[in-house]
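Protein chains in written order, with this note's numbering: chain A, 1 to 200; chain B, 201 to 334.
Take the hints with a grain of salt, since some may be wrong.
Said to hold, decoys possible - Among the chain B residues that face chain A by a calculated CB cut under 7 Å, a handful are:
id, residue
1, Pro-245
2, Thr-246
3, Gly-249
4, Asp-254
5, Ser-255
6, Pro-258
7, Asp-282
8, Arg-287
9, Tyr-288
10, Gly-289
11, Leu-313
Hints are computed from structural coordinates only; laboratory data are not their basis. None of the values given here were measured: they were computed from a predicted structure. Even for Gly, the Cβ is constructed at its ideal location relative to N, Cα and C.
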Amino acid sequence: MVALAPDEAEIPRRRRGRLALWSSVAVGVVVVALIALLATRDPSGTRLANSPLLGKFAPDVSGQSIIVSPDGSSVPTFELGDQEGRWVIVNFFATWCVPCQEEQDDLVTLVADHAEADDLRVVSIVFSDTAANVERYFAERGGDWPVIDDPDGQMITDWGVTAVPESYIVDPNGYVRAKITGGVTSQRIEQLLVDLGGAS
Amino acid sequence: MYRRLGWIALAAVVGIALFVGTRPPEAPPTSTERADALAERIRCPTCRGQSVADSDAPASEFIREEIARQVEQGQSDQEIEDYLVSRYGDDVLLVPPRSGLASLVWVLPVVALVGAGAGLVVVFRRWGRAWVET
Chain A
1 MVALAPDEAE
11 IPRRRRGRLA
21 LWSSVAVGVV
31 VVALIALLAT
41 RDPSGTRLAN
51 SPLLGKFAPD
61 VSGQSIIVSP
71 DGSSVPTFEL
81 GDQEGRWVIV
91 NFFATWCVPC
101 QEEQDDLVTL
111 VADHAEADDL
121 RVVSIVFSDT
131 AANVERYFAE
141 RGGDWPVIDD
151 PDGQMITDWG
161 VTAVPESYIV
171 DPNGYVRAKI
181 TGGVTSQRIE
191 QLLVDLGGAS
Chain B
201 MYRRLGWIAL
211 AAVVGIALFV
221 GTRPPEAPPT
231 STERADALAE
241 RIRCPTCRGQ
251 SVADSDAPAS
261 EFIREEIARQ
271 VEQGQSDQEI
281 EDYLVSRYGD
291 DVLLVPPRSG
301 LASLVWVLPV
311 VALVGAGAGL
321 VVVFRRWGRA
331 WVET
């Protein structure tokens, strides 16, 4: 064991002190960056999501609606291919899903706001739910757009849906332009339409 | 003696090869077996590390139904996997593809193993030289 002179012992101690200081600064920078990232991203409830379908021609959505027309006289059918020239919000939902319940009012507002211009349609697709539940849900919460049942999940897998609510924006040429996971708001959709170059 | 042993070994190898080669082929898997095997290789999109075969999540049930439907329609395993990747992305495959960026999953362990082996060779040689010098 060699005893170090006071000066020689001081040097490694100073070096360790500097190392600790720089380590603390580095950790601090990472923590601040993480906080900034989490504070500025979309809330977890609503998020633009990636999908292999973005930029691709939209998969088919067609069928007879569960919901009858407002006057009860007819059962509308829906064909996505017939919607050329309009934006379409393809909304996957279930009555048991709380964020779906929360977004229903906004979808009603969205449809009403675009009724006169007739430049946007909403179509909902039932995810793991019953037609009876859906009829009751729409009667209680409003909404008179086409709602298509998908008991065998063909449309659900065609659109790569993982959980509800999930909504897709299809442009007037029939291409998928955005995927939104979580509940939507009418303002959010309007802003996205503006960002995507659509009239709002 | 050794020559005779060599001939015996050769005869054994040829006999085993003939036995294996002339056995009738195994029966092709049924549609259900194919669909089940495929479901084992597809990741549940809402769970962590579970296949759709093991998951009760609604999305997994729909994917299982879709796999069964496409198997019945005569689609090949590759076509069904390609379809699911085109809807859910590469992450839907539990076994990563051997091409593209995902192939790094296969390449990196080999590179790491070779690198570690080379490192050990260098270290052992250095230790050997040091031992000889002392």
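Should the interface hint for B/Gly-249 be scored as holding, given a Cβ-Cβ cut-off of 7 Å against chain A? violated (15 Å)
Against chain A, run the beta carbon of B/Asp-254 and see if the smallest gap drops under 7 Å. This hint is violated: B/Asp-254 lies away from chain A, its Cβ roughly 16 Å from the closest one there, beyond 7 Å.
Identify whether the interface hint at B/Pro-245 stands, where standing means a beta carbon of chain A within less than 7 Å of its own. holds (4 Å)
A closest beta-carbon separation below 7 Å is what the hint needs, so does B/Gly-289 meet it against chain A? Status holds, d = 5 Å.
Given hint B/Leu-313 near chain A, where the shortest CB pair must fall under 7 Å: violated (31 Å)
Quick check on B/Ser-255 please, does its C-beta sit within 7 Å of some C-beta on chain A? With Cβ-Cβ at 12 Å, over 7 Å, it is violated.
If you take the shortest Cβ to Cβ gap from B/Arg-287 to chain A, is it below 7 Å? Holds: closest Cβ of chain A sits about 4 Å from B/Arg-287, inside 7 Å.
Taking the least C-beta to C-beta distance, is B/Pro-258 closer than 7 Å to chain A? Holds. Min distance 4 Å.
Is the interface hint satisfied for B/Thr-246? The criterion is a beta-carbon contact with chain A at less than 7 Å. holds (5 Å)
Would you check whether B/Asp-282 satisfies its interface hint, that is, whether its CB is within less than 7 Å of any CB in chain A? violated (11 Å)
Take the shortest C-beta to C-beta distance between B/Tyr-288 and chain A; is it under 7 Å? holds (5 Å)
Checked against the numbered hints given earlier, the structure breaks hints 3, 4, 5, 7, 11 and satisfies all the rest.
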